[in-house]
Amino acid sequence: MKRLTRRLTLTLALTATLAASAAALAVAADKDLIVFDWSGYEDPSFHPKYVEKNGDSPTFAFFGDEDEAFEKVRSGFKADLGHPCSQSVTKWREAGLLQPLDTSKITGWKDLNPGIMAMKDLATTSDGKAWFMPWDWGNTQVTYNSDKIDAKDVQSLKAFADPKFKGRVSIGDNVDDAYALASLAIGLKDWTKMTDDQFKQASDFLRQVHKNVRSYWADTTDIVQLLSGGEVDLAWAWNDATVQSVAAGVPIKSRKDTDEGISTWVCGYVLFKDAPDNIDKAYDYLNAVNDPETAKVLVKDWGYGQANAKGMAGVDQAILKEKGYDDVQKFVDKTLFQSPLPSDLKLKMIAEFEKIKAGY
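Mind the numbering: the sequence shown is residues -28 to -1, 1 to 332 in mature numbering (1 follows the signal peptide of the UniProt record, and there is no 0), read in order.
Keep in mind the hints are simulated off the structure, nothing from the lab.
Keep in mind that this is a model prediction, so the values were computed, not measured.
Careful: at least some of the hints might be erroneous.
To be verified - Simulated pairs of lysine-lysine, DSS-like, Cα-Cα distance not exceeding 27 Å:
id, residue 1, residue 2
1, Lys25, Lys253
2, Lys293, Lys268
3, Lys50, Lys318
4, Lys101, Lys329
5, Lys282, Lys130
6, Lys245, Lys120
7, Lys318, Lys329
8, Lys282, Lys295
9, Lys253, Lys282
What the hints assert, rightly or not - Beta-carbon label-pair distances, calculated as ranges:
id, residue 1, residue 2, range
10, Asp125, Glu326, 29 to 39 Å
11, Gly139, Ser17, 32 to 42 Å
12, Gly27, Lys138, 50 to 60 Å
13, Gln197, Lys245, 29 to 39 Å
14, Ala190, Asp162, 25 to 35 Å
15, Lys327, Lys136, 23 to 33 Å
16, Gln197, Glu326, 20 to 30 Å
Heads up, the beta-carbon is just placed ideally off N, CA and C, and yes, glycines get one too.
Kindly produce the complete structure, drawing on both the sequences and the hints.
Put into structure tokens, the structure is as follows:
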């Protein structure tokens, strides 16, 4: 998933041997709160009320993907809050890494989007316990250089496997996004019900895509550079890749209306079971990012939606339209939601994707 990397202030090289060490801290500020996050989310514009109350931003440590983060925390790395996405929450919870949230301490909990909150075993479990505060959500979608590619040529996701785009394609080095693309391409919207035959079809499609891939992008900075530098013309990328490329003056467009649709993911915050520091500051941070005013920054500057429905309602309608959030329902029926996968299926995907990238 999934996933902001625009203002990459520092690269964090965490290894298993460093997992339990305070040396894993990347941006040190308020030492009483450690947030384990995707790089880019340390942006102070996401949590101004935390700074206002506590005098500084939290200390941030970064991870490159959720499987990496999972292994580091399981190996002993200590943090207070983490930022997984929808497909990983169940795994983190079942591994005993999390503790329930006290929703009475989260201002605006009842304002969270009902559709997101209704996703099974995501924010809450059947026993009524809350484990995850949804915060940001967005799409992985067709992204292309409109000076070099006609929109009609990317009406179908099968374009990624079209030989005419050989050497001009990039998809994420991310198993979830890759199999979301492949699932949609074979007509599957609920990947949790993927059969063995569908898994083979999806994997075969990714092998065809691999023949066209010039580079697998690692983060938004990477794909924006590939697109703006003219190295690739067609990508399967997150919302902010388009926003940033356009801001840089590059004719990059995205589309949600392909024949097969798009993939949607939801990310948010969890409280680690062994959170070592100030629990009150953890809730200060959750309240700060969940503030409705944050939606204006998240949508306008990053192209993502905020899970707080009250926040989205407060965003200027013209901006919502520009970013594609004015009528979410019009593309929901063609959306693959990246909901939690059965563990055995996820492991199969991980192993197969590594083979595919290696050319096997």
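Do the hints match the structure? See the list:
For the hint linking lysine 25 to lysine 253, the alpha-carbon distance of about 10 Å falls within 27 Å, and the restraint holds. At most 27 Å may separate the alpha-carbon atoms for a hinted pair to count; lysine 293 and lysine 268 meet this at roughly 13 Å. Proximity of lysine 50 to lysine 318 is assessed by CA-CA distance (about 25 Å); at most 27 Å being required, the pair is judged to hold. For a cut-off of 27 Å, the pair hint linking lysine 101 to lysine 329 is broken: about 39 Å separates their Cα positions.
Straight-line distance between C-alpha atoms of lysine 282 and lysine 130 comes to about 37 Å, which puts the hinted pair past the 27 Å bound. The hinted pair formed by lysine 245 and lysine 120 fails the criterion: a straight-line CA distance of about 50 Å is larger than 27 Å. A C-alpha spacing of about 17 Å is found between lysine 318 and lysine 329, which places the hinted pair at or below 27 Å, so the restraint holds. With a C-alpha separation of about 17 Å, the suggested pair lysine 282 and lysine 295 falls inside the 27 Å cut-off, and the hint holds.
With a C-alpha separation of about 23 Å, the suggested pair lysine 253 and lysine 282 falls inside the 27 Å cut-off, and the hint holds. Hint check: aspartate 125 to glutamate 326, Cβ distance near 30 Å, so the stated range 29 to 39 Å holds. Between glycine 139 and serine 17 the CB atoms are about 38 Å apart, so this pair conforms to the stated range of 32 to 42 Å. At roughly 54 Å, the beta-carbon separation of glycine 27 and lysine 138 lies within the given 50 to 60 Å, and the hint holds.
At roughly 38 Å, the beta-carbon separation of glutamine 197 and lysine 245 lies within the given 29 to 39 Å, and the hint holds. At roughly 28 Å, the beta-carbon separation of alanine 190 and aspartate 162 lies within the given 25 to 35 Å, and the hint holds. Taken as a hint, the range 23 to 33 Å holds for the pair lysine 327 and lysine 136, whose Cβ atoms sit roughly 26 Å apart. For the pair glutamine 197 and glutamate 326, the beta carbons lie near 24 Å from each other, so the given range of 20 to 30 Å is met.
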